[in-house]
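A.B. asks: Residue strings, one per chain:
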Amino acid sequence: MNEPLVTDPGDEISACPNCGTKIPVSLTPERCPVCQLRAALTVNLTSDSANTEAQGLANGVQDLTQGTIGSFDHYEVLRGSDGTPVELGRGAMGVTYRAIDKNLRCPVALKVINVCYLKDESARPRFVREARAAARLRHPNVASVFHLGTKNEDYFYAMELVEGTTLHQLIQEKGPMPVPLALEITDQVAAALEAAHKEQIIHRDIKPGNIMLRFNDDGAVNVKVIDFGLAKATAAASSLNSEPGLSVPGMFTGTALFASPEQCAGREVDIRSDIYSLGVTLWECLTAKVPFTGTTFEVISQHLNSPLPLEQLKHIPLPVVGLLKKMLAKGPDERQQTPSELRSELCELKTSPSRPVRPSAGKSHFGARMWLVLGLALVIASAIGYFLWRVNPRLGSTSSKSVAVLPFDNLSENKSSDYFADGLTSEVIYQLSKVGDLQVTARSSVLRYKNVPDAQRKPLKEIGAELDVGAVLEGSVERSDNKVRIVTILYDAGTERRLWGATYDRQLQDVLTIQGDLAEQIAAALHARLSTDQRNRLRNEPTLNLSAYDLYLQAKALSDLHLKDANDRAVGLFKQALQQDPKFGLAYIGLADAYIDRVKRFNGEGTSLDSAIDLCQQAIALDPNQLRAYTELANAFNLKGLFDRMEAPVSKALELAPNDWDANRMAAAVSTEFRRQKEMYASIRKCFETNPFDSWAPYQLALICWTVHETGLAEKWMQRAIDLEQNVTKRQLMENERLVYRGDYAGALPGLQRLPPDVKTQYSAAADLVLFCTMQVGDWPSVIRIIEARADKDSPTNLMRLTLALRGTMRSAEARQSAERMVTSAQSKLSTSKSPRWMRFDLAVGNRILERNEAAFQYLRELMTGTGFPDPVLALADPGLDVFKSDSEFQTLVDEVNQKNAETRSQISQIEQSFLVAK
Amino acid sequence: MPGSKEALSALCRDYWYPLYAFARRRGHPAHDAQDLTQGFFFSMLKRHALKQADPARGRFRSFLLSSFQNFLADESDRARALKRGGDREFLFLDAQEPESRYELEQTDQLTPEKIFDARWAMALLTRATKRLQEECALAGESARFEILHLFVGVEFGRSPPTYEEAARALGVSVATAKTMIHRFRKQYIVLLRQEVSRTVSDPAEIDEEIRALCEALAVAEGRI
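Taken in sequence, the protein lines are chains V and H.
To convert, note that position 394 of the first sequence is 394 in my numbering; the numbers rise steadily by one, no gaps.
All you need for my numbering is the position in the second sequence, starting with 1, plus 919.
Chain V on its own, in the form it takes in the complex:
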């Protein structure tokens, strides 16, 4: 066996005990660079350092006022593009920020006690009490609190960051909701209260703004109650803990609109107060209105004295009205006494709607139309799948035939054989992608579950939900000498039920057959269709030479690091593997991939692509059904700009594995080049299914949607992409880019100007967007300055921009000269340019400025009805086209484009429907 080549690069690294940043051990903690830098923040420069040096330094110290929010322990508050902290909400006691846990590199919600409360001595113990109370709660319907800390004088606590939408937003956006959905949400909040009640905790601020919703793909809703910030341990619990209760009778801390009469009256409250608030919440769900409105005083007075405006509920089934009346009874004794009681009534309503809710006082009557109404509501509920989906595109088709392979644990004593476990994981994923009937999560989306300490592992259910899969495979590999033990268990992600499992105690040699066997077994366990051909392909051993295979796995692990030096070593190892077994198809493909990486990432010579193409073709000659050979071949053609030649390998790859991420990504590349928006959307949509943590797919989908003016969907996808983007600067760029697509150019400009000009998303560079917005706001002198400073200022497209700017500043003669230069230059470059679309665009605009209208329209037609615009997303907004605004022919062309966009919109809607139906 060869010496393992992958070593743990973390040998000499330790974590700073103060800030958690990893630092080389040679820097002792007191010299942690991050701690030293942090000490130089305004907020940390305390007065005792105000020696002459400090006073002499940047007056900025005093000018800075926003330095108080920064890092708290190992949490860093995130800042938006304008530099202000990202606030998630404000409660009576504190402000909640979006922050990042720097140790675990995951987002959290961080609640910091409100500055104005700092003066109040009583606030601190109360805040701590709240956090402790909330931390005791562990329930699927409650956002967990997991850390309480102090910084200087401030208290803060970290809690689970719940992504999704608030019930408040949903109602604002969509109005009244169907009864079954409202009851379901109420039931889940009641479940949260039930858990709280067991811990003798009350929330005291139940309202739609504190209820987060996430919709699963089947339309099922998942509710989490957030901000137990006003929760207080009840007197009983306090006395148990021998700490005095902190109730402040008479001090109104809740939201008046949702407050119970006893809260309004300043009396002691208990869990029944939460039930009342939940009643108001249910009322708002059903009617999009709250029962009592007016000034705070008026609202309080109505909660205390006024009868419910039941006429607002006239379309609501009577049993539900009965339930609401009971929840909203003025006296706590007349309401459901516990959340459990409420839940059982809700349950009766949901399952046996003919039985009335037991009234606590008075009588209720239930008409025969109740059935009808409830039945209708249920029909509507299923029809609102699309509506629900649109609320939160956390979507897709959770099919039981979708599976995620979590990174296998390496249980070998020799940790340096990690590459072996990693390699096996990748190979199993690859084998499974060959099962056409299965949808397999791509490697990059499962990597985040690698090397997670046991204590921090997420429940499989949660992982299943995050990856949107029906099944999850867990496994471990233990290798010693010539033996290998592989343990795998396949779980149903929804129920965590074990579907299948196997332990392979074998000779190392057998590892070559185990993968195919595993894939076959998993396919069978998930009832996936497997054709004879596919089955045979799974049974094909990649090589019979174990030593070649080991070299291959080492090379693959290095290659996957995407580093220059590792790439060089990987190439060497792949070649060695091929020397040992010249018929080892996967090694050809691995080598091709490494060559492609050289060009993509390390400025490699273009000839590397020719080698890659040659290698893929050799792999195909060895096995014409080798999926990855086709996707890599397409990739190489793509990078060479040979788009026509991509079609054949792409269609073969899709035939072999219709759900494969790489195959669909390459299909999208072809459709993008040929501006086939529907195909593009369909392919990328599939990519999102199998790689849900990659921001590429949602970002691209957003761009397509904006291109065809499907703005609602575009916004959702963009938000998703932004949430997934790990790089803070890129995320800021995307946030501002979104403003550009919304047409808010003036709003986008300051944020864009603050970014480094070269920061790029997959589509836009900050500098380009700055130029675009500067043109849009008509700041022509700045446009001229920007272009003059560009290295390629004489390119036709820059000359086109310059011409527009010269016109904008009334320098007509110069503008004409510039237009002449632009047209001449673009004409000469049209046939050889890498971006002929831009040349056509420039020629259209230039000729129109020079009043050569025939030529201008010829190019414009080619663009608008033929090749498509160079920048389809912003095409029609481009100021260059302003020169055509008065032409009727232009208007006709625009109408055609709009017509086409409308068609694409309906196609997109169909595609989305098909994903809904699939589940």
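Possibly wrong hints are sitting among the right ones.
[To be verified] Mimicking DSS-like on lysine-lysine, the simulated pairs with C-alpha atoms at most 25 Å apart in a straight line are:
id	chain 1	residue 1	chain 2	residue 2
1	V	K829	V	K793
2	V	K461	V	K640
3	V	K600	H	K1033
4	V	K151	H	K1097
5	V	K600	V	K760
6	V	K564	V	K600
7	V	K600	V	K652
8	H	K1033	V	K564
9	V	K461	V	K450
10	V	K575	V	K678
11	V	K314	V	K350
12	V	K483	V	K461
13	V	K450	H	K1033
14	H	K1033	V	K151
15	V	K760	H	K1033
16	V	K450	V	K564
17	V	K900	V	K678
18	V	K652	V	K583
Keep in mind the hints are simulated off the structure, nothing from the lab.
Using the hints provided, position chain H relative to the given structure of chain V.
C.D. replies: Frame of chain V; chain H shown alone:
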């Protein structure tokens, strides 16, 4: 932004390593990366390009990196053979040194940009140490610096002495030594902030820049 040409040259000298590391991570071999970094500064000085580091345009760090990226892009179009040595050497007398520094470092999965930012942060911390050394020298306290500087900055390979050892070397009580170290650290931090302030256009951006550098260091996970 420092005004004089000397100050700019000094700034370039102190910050050339981050750019060099960036070029290396972009895949340029060592000698090419040296040539490119050197050529970059030479062209900057020749074109008085540092004057374009317009105070109204944000951070010096971003300016330098984006200029360097443009330079690299231009260079890749031309023949890349810049000759070493000659009159360009005045900027970097010890051009061999960075390579040994680089080779000692672990490979990792960082992008060139992230590498650059983390190295930039380290360069700043080092520069602040230098400033402190200069100030101590001016105040005739070089000996004190020799002992106390081991408690601040980011110099690799030398662990700070214990308080007792420091006290012995300084000829003071342990309590006094602790106070001296505390003050020395404060002085260092103030200089560090000053150094950051020299690389941003607006004092209001200092904190933001410090946070960005902390973020870069956190992302680098010790590979600095």
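A.B. asks: Run every hint past the structure and note whether it holds.
C.D. replies: Results for each hint:
1. K829/V - K793/V: Holds, at about 15 Å.
2. K461/V - K640/V: Violated - the C-alpha atoms of K640/V and K461/V are around 43 Å apart, more than 25 Å.
3. K600/V - K1033/H: 18 Å, holds
4. K151/V - K1097/H: Answer holds: K151/V to K1097/H is near 24 Å, not above 25 Å.
5. K600/V - K760/V: 16 Å, holds
6. K564/V - K600/V: 11 Å, holds
7. K600/V - K652/V: 24 Å, holds
8. K1033/H - K564/V: OK: K1033/H and K564/V at ~15 Å, within 25 Å.
9. K461/V - K450/V: Between K461/V and K450/V the Cα gap is close to 17 Å, so the pair holds against 25 Å.
10. K575/V - K678/V: It is violated: about 41 Å lies between the C-alpha atoms, which goes past 25 Å.
11. K314/V - K350/V: 19 Å, holds
12. K483/V - K461/V: 33 Å, violated
13. K450/V - K1033/H: 23 Å, holds
14. K1033/H - K151/V: The given pair, whose Cα atoms are some 29 Å apart, is violated under the 25 Å limit.
15. K760/V - K1033/H: 14 Å, holds
16. K450/V - K564/V: 23 Å, holds
17. K900/V - K678/V: 11 Å, holds
18. K652/V - K583/V: Measuring from Cα to Cα gives roughly 22 Å; hence the hint holds.
Going down the numbered hints, you'll see the structure goes against 2, 10, 12 and 14, while the others check out.
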